[in-house]
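Protein chains: 2
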Amino acid sequence: MTQNVYDDERFFSAYSQLDRSRRGLPGAPEWPALRAMLPELAGLRVLDLGCGFGWFARWAAEAGGASVLGLDISERMLDRARAATTSANITYRRADLETAELPKSSFELAFSSLAFHYVVELGALFERVGRSLVRGGRLVFSMEHPIYMAPSRPAFDLGPEGKPTWPLDRYSEEGPRTTDWLAPGVVKQHRTIGTILNLLIGAGFAIRHVEEWSPNDDLLAQRPDLADERTRPMFLLVAADH
Amino acid sequence: MTQNVYDDERFFSAYSQLDRSRRGLPGAPEWPALRAMLPELAGLRVLDLGCGFGWFARWAAEAGGASVLGLDISERMLDRARAATTSANITYRRADLETAELPKSSFELAFSSLAFHYVVELGALFERVGRSLVRGGRLVFSMEHPIYMAPSRPAFDLGPEGKPTWPLDRYSEEGPRTTDWLAPGVVKQHRTIGTILNLLIGAGFAIRHVEEWSPNDDLLAQRPDLADERTRPMFLLVAADH
Numbered sequence: 084m085t086q087n088v089y090d091d092e093r094f095f096s097a098y099s100q101l102d103r104s105r106r107g108l109p110g111a112p113e114w115p116a117l118r119a120m121l122p123e124l125a126g127l128r129v130l131d132l133g134c135g136f137g138w139f140a141r142w143a144a145e146a147g148g149a150s151v152l153g154l155d156i157s158e159r160m161l162d163r164a165r166a167a168t169t170s171a172n173i174t175y176r177r178a179d180l181e182t183a184e185l186p187k188s189s190f191e192l193a194f195s196s197l198a199f200h201y202v203v204e205l206g207a208l209f210e211r212v213g214r215s216l217v218r219g220g221r222l223v224f225s226m227e228h229p230i231y232m233a234p235s236r237p238a239f240d241l242g243p244e245g246k247p248t249w250p251l252d253r254y255s256e257e258g259p260r261t262t263d264w265l266a267p268g269v270v271k272q273h274r275t276i277g278t279i280l281n282l283l284i285g286a287g288f289a290i291r292h293v294e295e296w297s298p299n300d301d302l303l304a305q306r307p308d309l310a311d312e313r314t315r316p317m318f319l320l321v322a323a324d325h
Numbered sequence: 084m085t086q087n088v089y090d091d092e093r094f095f096s097a098y099s100q101l102d103r104s105r106r107g108l109p110g111a112p113e114w115p116a117l118r119a120m121l122p123e124l125a126g127l128r129v130l131d132l133g134c135g136f137g138w139f140a141r142w143a144a145e146a147g148g149a150s151v152l153g154l155d156i157s158e159r160m161l162d163r164a165r166a167a168t169t170s171a172n173i174t175y176r177r178a179d180l181e182t183a184e185l186p187k188s189s190f191e192l193a194f195s196s197l198a199f200h201y202v203v204e205l206g207a208l209f210e211r212v213g214r215s216l217v218r219g220g221r222l223v224f225s226m227e228h229p230i231y232m233a234p235s236r237p238a239f240d241l242g243p244e245g246k247p248t249w250p251l252d253r254y255s256e257e258g259p260r261t262t263d264w265l266a267p268g269v270v271k272q273h274r275t276i277g278t279i280l281n282l283l284i285g286a287g288f289a290i291r292h293v294e295e296w297s298p299n300d301d302l303l304a305q306r307p308d309l310a311d312e313r314t315r316p317m318f319l320l321v322a323a324d325h
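If you're matching them up, the sequences are chains Y and C in order.
One point on numbering: in this note's numbering, the residue at position 226 of the first sequence is 309, and numbering is uninterrupted.
One point on numbering: in this note's numbering, the residue at position 9 of the second sequence is 92, and numbering is uninterrupted.
Isolated chain Y, as found in the complex (with noise of 0.2 Å):
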């Protein structure tokens, strides 16, 4: 079973205080180019894997007209998106990505945020989720990008003029990172872009689109505390079609 990270009493407290837990997509900053991968919701079964607080079915469901069936494997977030979800077109279920099943060619649209960093059999998880998916059906995704989660110690230095640079290791060494990221122990498991492709296109996905975000120009102008995460990229965004 993965790491359930989410249920520690530790972990949770703080993860309910970031702006992406508490405002929902508009707190998440790469919300929009995510958004933006996405295919037209209304009347779309939706399947979303690691749906946290439900801040994405909700949107899906409410503003996009689509049924969804959420998947979670954390009780507590799970109990939050239920006391938070009103539409009758929002199904919760507990479960584990690693094992879960799920309902063959019964959904147009996969969706994940931030969840499959988590995976460990990551390839399975994939095979999985194109069988659950109707033909031509798309797989939508955010994950920690590979750069940001490779290194032994992944903080910014400062560099010769004062300017971050971020010390990266281990890139090419798959596995386990374990990192104290709100609560200590996070286990996250580390692969490079190319074996993250890779397993999509063993899986049977057509790569339709691939973004390494960082803040764009637009965004540093609103929140020019963003500045050092051009340094390297946070997020790795996916689009395929299977």
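It is worth saying that the hints were derived from the structure and are not from the lab.
Some hints here could point you the wrong way.
Which bits of chain Y does chain C cover? Going by a derived footprint, with three or more residues having C-beta under 8 Å, they are [claimed, not checked]:
hint	stretch
1	221-227
2	237-248
3	284-297
Subject to a maximum C-alpha distance of 27 Å in a straight line, what follows is the list of computed DSS-like cross-link-like pairs (lysine-lysine) [as the list claims (entries may be wrong)]:
hint	chain 1	residue 1	chain 2	residue 2
4	Y	246	C	271
5	C	246	Y	271
6	C	246	Y	246
Partial list, computed: chain Y residues near chain C (C-beta under 7 Å) [as the list claims (entries may be wrong)]:
hint	residue
7	251
8	254
9	255
10	311
11	313
12	314
13	315
We put the CB at the ideal spot given by N, CA and C, even for glycine.
Dock chain C against the given chain Y, drawing on the hints supplied.
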């Protein structure tokens, strides 16, 4: 016109001393990975973009049974390629990849080794290469990896335990990078992996394989001097079908 650093006396002289120049394909550590992405060559028409001294062209024609059109911007490299070639199945032609007109629907395979990072208008080149391929034709190429190319200061630092780290910065800022590799003022074009893949997809290619090359365990056993190269990938290898 692309900077033609290969006809610079100092650069040419230093480049000629590299293992990959003196020994050809066996002197390029990434060659086995690139070769594994090629189709069976017998009878194929092959376009070699940036053919250099003609090592690949000769291998494809003489060992593989292909016919090859080799293009390069460097007159000096083409002179040496012609002098080393006896096969009647290879034609060399001087051409700038930025602007070269390519014959339409004329090749089953387009190949390029470590040339595309010099190209300013890479999307336009991908379009022209796509039109030069027959339906279902394949493009296989290597280029410098964006992680390798991006930094202001592309050289290892020593981390806290004496282990090398790669001071990544400017990853998200695409554009020219000037380095002093073999000669001062060599200009390369930095783009993210996402941009490179999206340009391919936009030109009608289906991505088949993406490899962020670093030495693997087998190679490190033979070449322990390459150990630091696991810190960050040196080359990006891609196969895509049109």
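Against the structure, the hints:
1. 221-227: Violated, because only 0 residues of the stretch 221-227 of chain Y bring their Cβ atoms closer than 8 Å to Cβ atoms of chain C.
2. 237-248: holds (count 6)
3. 284-297: The restraint on the stretch 284-297 of chain Y holds, since 9 of its residues have a Cβ under 8 Å from chain C and three suffice.
4. 246/Y / 271/C: This hinted pair holds, its Cα atoms lying about 22 Å apart.
5. 246/C / 271/Y: Given pair residue 246/C, residue 271/Y holds - Cα atoms ~22 Å apart, limit 27 Å.
6. 246/C / 246/Y: holds, 22 Å
7. 251: The hint holds - residue 251/Y has a Cβ within 7 Å of chain C, the shortest such distance being about 4 Å.
8. 254: This interface hint holds because 5 Å falls under the 7 Å limit.
9. 255: holds, 4 Å
10. 311: Violated - the Cβ of residue 311/Y stays beyond 7 Å from chain C, reaching only about 9 Å at its closest.
11. 313: holds, 5 Å
12. 314: With Cβ-Cβ at 5 Å, under 7 Å, it holds.
13. 315: Residue 315/Y check passes; min Cβ-Cβ to chain C is 5 Å, inside 7 Å.
Hints 1 and 10, counting from the list given before, are not met by this structure.
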